[in-house]
Amino acid sequence: MKTIAVIFGGRSTEHDVSIITAIASVIKPLELTKQYKVEAVYIAKDGSWYWDDKLKDIKLYQSGEIDDFMRRAPKVHLLFDNGLTLVKSSQFAGRKMYRKIDIVFPAMHGTHGEDGELMGLLEMANVPYVGCNFRVSAVAMDKVLAKKICASSDILSTPWTWFYSSQLSQPKQAMTKIADLKYPLFVKPAHLGSSIGISRVQTEAELMNALEVAAHYDDKIIVEQEVPNVIEVTLPIIGNEELIPALLERPMTKPEDFFDFDTKYMQGGKKGKGSGKAGAQGYSEIPAKLPKELYDKAEKTASAVYRALGCSGIARVDLLIDSKTGEVYFNEVNPLPGGLYAHNWRKAGISNVDLVTKLIGLAEQKWQAKQKLTTSFSTSYLKQF
Amino acid sequence: MLKSLVYMYRLRFAQTIIYMLQATEYDVKTYLGWLWRVKDFEKVSYRRSLIKTRRSSMLLLAIKLGMLVQFVVAIAWATLAIKNKEPNGIFAVDLFLSTPLVWSHLVVLPLVLARWFWVQPLNRVDVGRSKKSFEKHQAIKIAVAGSYGKTTMKEILYTVLSSDSKKVAATPANKNVAISHAQFAKQLEGDEDILIIEFGEGAPGDVAAFCRTVKPSIGIICGLAPAHLDKYKTLQAAGEDIFSLADYLGHKNIYVNGESEALKSFLKPGHQLYDGRQAAGWAIKAAKSSINGLSFEMTKAGKSLKIKSQLIGEHQIGPLALAAALADKLGLTKEQIEKGISRVESFEHRMQPRQVDGAYIIDDTYNGNIDGMLAGLKLLKSLPAKRKIYVTPGLVDQGSESPAIHQRLGKAIAGSDADLIVLMKHSVTDDIVAGIKQGKFKGELKIEKDPLNFYTNLDQFVAAGDLVLMQNDWPDNYN
Numbered sequence: 000m001k002t003i004a005v006i007f008g009g010r011s012t013e014h015d016v017s018i019i020t021a022i023a024s025v026i027k028p029l030e031l032t033k034q035y036k037v038e039a040v041y042i043a044k045d046g047s048w049y050w051d052d053k054l055k056d057i058k059l060y061q062s063g064e065i066d067d068f069m070r071r072a073p074k075v076h077l078l079f080d081n082g083l084t085l086v087k088s089s090q091f092a093g094r095k096m097y098r099k100i101d102i103v104f105p106a107m108h109g110t111h112g113e114d115g116e117l118m119g120l121l122e123m124a125n126v127p128y129v130g131c132n133f134r135v136s137a138v139a140m141d142k143v144l145a146k147k148i149c150a151s152s153d154i155l156s157t158p159w160t161w162f163y164s165s166q167l168s169q170p171k172q173a174m175t176k177i178a179d180l181k182y183p184l185f186v187k188p189a190h191l192g193s194s195i196g197i198s199r200v201q202t203e204a205e206l207m208n209a210l211e212v213a214a215h216y217d218d219k220i221i222v223e224q225e226v227p228n229v230i231e232v233t234l235p236i237i238g239n240e241e242l243i244p245a246l247l248e249r250p251m252t253k254p255e256d257f258f259d260f261d262t263k264y265m266q267g268g269k270k271g272k273g274s275g276k277a278g279a280q281g282y283s284e285i286p287a288k289l290p291k292e293l294y295d296k297a298e299k300t301a302s303a304v305y306r307a308l309g310c311s312g313i314a315r316v317d318l319l320i321d322s323k324t325g326e327v328y329f330n331e332v333n334p335l336p337g338g339l340y341a342h343n344w345r346k347a348g349i350s351n352v353d354l355v356t357k358l359i360g361l362a363e364q365k366w367q368a369k370q371k372l373t374t375s376f377s378t379s380y381l382k383q384f
Numbered sequence: 000m001l002k003s004l005v006y007m008y009r010l011r012f013a014q015t016i017i018y019m020l021q022a023t024e025y026d027v028k029t030y031l032g033w034l035w036r037v038k039d040f041e042k043v044s045y046r047r048s049l050i051k052t053r054r055s056s057m058l059l060l061a062i063k064l065g066m067l068v069q070f071v072v073a074i075a076w077a078t079l080a081i082k083n084k085e086p087n088g089i090f091a092v093d094l095f096l097s098t099p100l101v102w103s104h105l106v107v108l109p110l111v112l113a114r115w116f117w118v119q120p121l122n123r124v125d126v127g128r129s130k131k132s133f134e135k136h137q138a139i140k141i142a143v144a145g146s147y148g149k150t151t152m153k154e155i156l157y158t159v160l161s162s163d164s165k166k167v168a169a170t171p172a173n174k175n176v177a178i179s180h181a182q183f184a185k186q187l188e189g190d191e192d193i194l195i196i197e198f199g200e201g202a203p204g205d206v207a208a209f210c211r212t213v214k215p216s217i218g219i220i221c222g223l224a225p226a227h228l229d230k231y232k233t234l235q236a237a238g239e240d241i242f243s244l245a246d247y248l249g250h251k252n253i254y255v256n257g258e259s260e261a262l263k264s265f266l267k268p269g270h271q272l273y274d275g276r277q278a279a280g281w282a283i284k285a286a287k288s289s290i291n292g293l294s295f296e297m298t299k300a301g302k303s304l305k306i307k308s309q310l311i312g313e314h315q316i317g318p319l320a321l322a323a324a325l326a327d328k329l330g331l332t333k334e335q336i337e338k339g340i341s342r343v344e345s346f347e348h349r350m351q352p353r354q355v356d357g358a359y360i361i362d363d364t365y366n367g368n369i370d371g372m373l374a375g376l377k378l379l380k381s382l383p384a385k386r387k388i389y390v391t392p393g394l395v396d397q398g399s400e401s402p403a404i405h406q407r408l409g410k411a412i413a414g415s416d417a418d419l420i421v422l423m424k425h426s427v428t429d430d431i432v433a434g435i436k437q438g439k440f441k442g443e444l445k446i447e448k449d450p451l452n453f454y455t456n457l458d459q460f461v462a463a464g465d466l467v468l469m470q471n472d473w474p475d476n477y478n
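If you read the sequences in order, they're chains A and Z. The opening position of the first sequence corresponds to residue 0 in numbering that gives the first Met the number 0, with each subsequent residue numbered one higher. The opening position of the second sequence corresponds to residue 0 in numbering that gives the first Met the number 0, with each subsequent residue numbered one higher.
Simulated from the structure, these hints should not be mistaken for laboratory data. All C-beta atoms in this analysis are idealised placements derived from N, C-alpha and C, irrespective of residue type, glycine included. Where hints are given, some of them may not hold.
A few chain Z residues facing chain A, derived, Cβ under 8 Å [to be verified]:
| id | residue |
| --- | --- |
| 1 | W117 |
| 2 | P120 |
| 3 | G464 |
Distance condition first, Cα-Cα at most 27 Å in a straight line; then the derived DSS-like pairs of lysine-lysine [unchecked claim]:
| id | chain 1 | residue 1 | chain 2 | residue 2 |
| --- | --- | --- | --- | --- |
| 4 | Z | K2 | A | K53 |
| 5 | Z | K63 | Z | K51 |
| 6 | A | K33 | Z | K445 |
| 7 | A | K288 | Z | K385 |
Extracted from the complex, chain A is given alone in its bound form (with noise of 0.2 Å):
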């Protein structure tokens, strides 16, 4: 039986949706295949990693025990030992317990996880991983590089600029680049999902706030000319080299409450009241009912993102789409979607046991095929000095 060590929570704003990701979506049916040993690894908010099987239970979470838990469980260590071995000790006389992890499954959203930081660690460690590779996680997870690489393939994204924030201390220079879009605009934290410091602003006046706020969570700021008549889109795929795309998914909110956190994960998807459970797949339309042609185009245009970025095992590819026009843009993208998007799955006909099965298999089939390639190479270099 092959062990899997899913590894979520991590030093993201996107931490507590990560821990629903990993329990709900990922450590749930793997354990139900009864295929393969599942080990669960929270990374703590202040980076320790921790390994054990009561960090499969929400309600170490919810109760608040993980505080005590972490104060007394004992932290792991990592061995790159011909793949990748967890340490920790026994707390018996001193002895230690390793478990060979086989397959890892990244569940974690955001910063230092989801932006190729983690996989960049399991390339080093050589361990077949679930989803997208260090460069395009980091690639995916920086709206800037993500939209300019698009570009390059004859991809539209709407009217963009973008800056450091500490270009912020000289406003006059922002505003110039700004000043070439037109309003509403939105301002985003380049790196950040989940909707996190994200503003719509509709005049110069709220500008700078917005921007402020941004800068709070990232160093690098995009801002964008909203899409006129836009119906929001999202399109879930998994696959290497085959792409298998789940259905595309319209969130039923209005332009003015696009999504923010607190819209997408507290409130069911739906601004304002209520106290949904099931985040924002609670209030979508799955399929968008669009016109077939319209479809077509954006199923066509998110594939196409995929691929020019190098995605694989999974993504969720976002897009904007000008109703009037039948205009498709690319957002961004997602390389590791918040609960695997299994809502969506399940109607597109994947359970969630056959998700992350079927994720399993892309990630071990794309670690062999990396296996074939030549990493060394015998040179007489040493020989000279």
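Given chain A's structure and the hints, the job is docking chain Z onto it.
This is chain Z only, laid out in the frame that chain A set:
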């Protein structure tokens, strides 16, 4: 083994014992059979747990007190023996160790005594009174008998016949023994036009006795399959008991399910059949079946009925058609009949469809007989789906025929076009697997050792386009 032994000395053991009694409906013989069979008491209360009722609470209190007294006596004896240096101190150990064993058996004593000296005499009085009550009642009395399908047939009849012009009463849920009939009789108001009484056979002579009490004027026999073979011994004996209803009615006004193979050898002139093609002289045509329900047409001597029902599965055509035919016979109008049939909703855990994220799950977990299982498999085969999943633990109470029945079931499963078969691991699993192999099944076969976990997490296994058929459940007392 050791774990189970230790569990017997835990406080929860008393609760486990009362749960076992409750799960076996306080049937002493079945309870004792289970008690002596149990290998791990910790796993006894697996699917369900003890429900607090007056009876269970009193028994729990009695067993706890009894065990406490024995423990105290054992400790007192041991203390005295040590103090007085008497050699019979070993008896205190025996007394202590035997506590769970003694009280798990002694607990049946109040039940037996209460049954002999209280319940049975009272029941006899009630049943005697109900005999007079039924005798006096002017309503048309329809008796519904058979090893399976009774409750469904009764509910269909009740819904269809209940109309502006008829007042109908029926025995509740699956209450179908003499005392249930007596309690039903007590609640009657006297002005009912039709009474529907379910006959639940349990031992030879039961159905004949029910007939003498209820005095039915119409009889329906729904099916015959192995059940209660501990009492009947053979299927033939069970069939003979069920057909004592036909004998009572002089083989008139008796309607027999033509789709139950086992009933065929009992048919006599005068018996009228109901099945997918006919019902009490009505011809059935243009039958259509889908996940959303059934539709068909019935014609007889210039009359016609257009039937649309929410029930699923072609095997329901016969019972629906018979209900329509009887409604016509009892004077309901075409509109009343068609409206009545359309009101019939699927019954809980009996071919009950529900949707989960675009997947259809047919809950047939109250189906406990081979004919019903085969009907469900036929439905699975006939319905379109992206992926078909079949889930079952097999059947309980099948007597010596169990291996043959389960091999037959396995073959039918193999031929049902299922893509995935999930068998809940039980004593009959190997027989089902043998049948599946004989049927040359080419899909995926999974043996699930933790059924509860599978059922609880079913939503994790299914997706849009899936069709899941879950048949029968395996009660704790058969483990």
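Going through the hints against the structure:
Taken as an interface hint, W117 (chain Z) does not check out: its beta carbon lies about 48 Å from the nearest beta carbon of chain A, beyond 8 Å. Residue-level restraint check for P120 (chain Z) is violated (minimum Cβ-Cβ distance to chain A is 53 Å; threshold 8 Å). Hint status for G464 (chain Z) relative to chain A: holds, with the closest Cβ pair at about 5 Å, below 8 Å. As the CA atoms of K2 (chain Z) and K53 (chain A) are separated by approximately 24 Å, the hinted pair is consistent with the 27 Å bound.
At most 27 Å may separate the alpha-carbon atoms for a hinted pair to count; K63 (chain Z) and K51 (chain Z) meet this at roughly 15 Å. Only pairs whose Cα atoms come within 27 Å are accepted, and K33 (chain A) paired with K445 (chain Z) is accepted, the gap being roughly 11 Å. Annotation: proposed proximity of K288 (chain A) to K385 (chain Z) holds, straight-line Cα distance about 22 Å (limit 27 Å).
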